[in-house]
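> Input sequences plus hints: build the corresponding full structure.
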Amino acid sequence: MKRFILLLLLLSTYYLQAQTTEFTPNASFNIELGLPNNITNRAFRELMQGLAIVTPNFQYTLDNSFSIGAGLRYGYFNVNQFKNNIGLSGGLHVLGAFVKIGQEKYFGRFGIDYGVRVGYSVNIFNTNKNKLLLGKAYMNDGGFVEPVLGLCLTSTENSSFRLTLGYTFHGFKFQPHQTGIDQFSGFNDAKINEITTYFIVGFGYSYFFGKKGSTNSQ
667 MKRFILLLLL LSTYYLQAQT TEFTPNASFN IELGLPNNIT NRAFRELMQG
717 LAIVTPNFQY TLDNSFSIGA GLRYGYFNVN QFKNNIGLSG GLHVLGAFVK
767 IGQEKYFGRF GIDYGVRVGY SVNIFNTNKN KLLLGKAYMN DGGFVEPVLG
817 LCLTSTENSS FRLTLGYTFH GFKFQPHQTG IDQFSGFNDA KINEITTYFI
867 VGFGYSYFFG KKGSTNSQ
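My numbering numbers the first residue of the sequence shown as 667 and each following residue consecutively.
For the record, the hints were derived by calculation from the structure and aren't laboratory data.
Ideal placement from N, C-alpha and C gives every residue a C-beta, glycine not left out.
Incorrect hints may have been included.
[Claimed, not checked] Result set (DSSO-like, lysine-lysine): computed pairs, CA atoms no more than 30 Å apart in a straight line: (1) Lys749 / Lys797; (2) Lys749 / Lys839; (3) Lys839 / Lys766; (4) Lys771 / Lys877; (5) Lys877 / Lys766; (6) Lys839 / Lys797; (7) Lys802 / Lys749; (8) Lys839 / Lys802.
[Said to hold, decoys possible] Across the chosen pairs, the derived CB separations fall in these ranges: (9) Gln849 / Asp729: 51 to 57 Å; (10) Gly753 / Val788: 23 to 29 Å; (11) Asn806 / Arg775: 42 to 48 Å; (12) Ile734 / Asn794: 41 to 47 Å; (13) Lys749 / Tyr786: 28 to 34 Å; (14) Gly753 / Phe827: 39 to 45 Å; (15) Gly808 / Phe875: 29 to 35 Å; (16) Gln769 / Asn794: 44 to 50 Å; (17) Asn744 / Gly852: 17 to 23 Å; (18) Pro813 / Gly876: 25 to 31 Å; (19) Glu823 / Asn751: 53 to 59 Å.
Encoded structure:
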């Protein structure tokens with residue numbers, strides 16, 4: 667995976683050097699579908715499986731290619747029933763909203779869109795243990811920060827597809843009581859006393875609402 671990402675970045679750098687800016691999008695609606703890979707907080711990494719992250723968002727790009735945007739976030743992480751011996755099942759729903767600042771540039775048909783998302787999410791731990799203990803899902807909330815990179819390729823004058831990469835930092839720490847149990851067997855405090863982070867690899871689609879102008883290649 668690391669070699670694949672490095673190859674894409676090298677190819678994108680070569681392409682950027684070979685092209686001049688063809689157009690700047692005016693505004694766009696984007697939707698991204700990604701697969702989260704848990705990184706820190708060992709209990710979260712071992713017990714939860716990232717299944718999907720869906721991110722619809724709207725973005726406006728200024729004449730100088732600086733971009734601002736806002737969007738919604740839904741994520742789902744399933745309890746790995748093969749990694750626990752206490753019959754824990756269910757999953758974590760992440761519902762959030764964010765704003766984004768960054769830069770969006772197109773060079774010929776290729777484009778690069780990068781920036782930082784800052785948002786707030788409600789985290790719903792819908793497990794069988796919480797239903798028995800609380801009669802409902804356990805909920806908490808907190809902020810998140812996500813540096814993102816999109817490698818884009820236009821398909822028509824008004825649309826493009828992209829490979830998306832992101833690294834998400836959530837403010838909450840994954841703890842046993844959130845799932846309705848007393849402790850994570852086999853994990854000491856040092857291994858779970860970390861914020862929750864995950865790396866996202868996915869694909870996206872963008873629809874452009876006009877463009878600001880164009881220049882010739884080369």
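> For every hint, state whether the structure bears it out.
These are the hints, each one checked on the structure:
no. : hint                        : result
1   : Lys749 / Lys797             : holds (20 Å)
2   : Lys749 / Lys839             : holds (19 Å)
3   : Lys839 / Lys766             : holds (24 Å)
4   : Lys771 / Lys877             : holds (12 Å)
5   : Lys877 / Lys766             : holds (20 Å)
6   : Lys839 / Lys797             : holds (21 Å)
7   : Lys802 / Lys749             : holds (23 Å)
8   : Lys839 / Lys802             : holds (20 Å)
9   : Gln849 / Asp729: 51 to 57 Å : holds (56 Å)
10  : Gly753 / Val788: 23 to 29 Å : holds (26 Å)
11  : Asn806 / Arg775: 42 to 48 Å : holds (44 Å)
12  : Ile734 / Asn794: 41 to 47 Å : holds (42 Å)
13  : Lys749 / Tyr786: 28 to 34 Å : holds (29 Å)
14  : Gly753 / Phe827: 39 to 45 Å : holds (42 Å)
15  : Gly808 / Phe875: 29 to 35 Å : holds (33 Å)
16  : Gln769 / Asn794: 44 to 50 Å : holds (45 Å)
17  : Asn744 / Gly852: 17 to 23 Å : holds (20 Å)
18  : Pro813 / Gly876: 25 to 31 Å : holds (28 Å)
19  : Glu823 / Asn751: 53 to 59 Å : holds (56 Å)
The earlier numbered hints are all upheld by this structure, with none contradicted.
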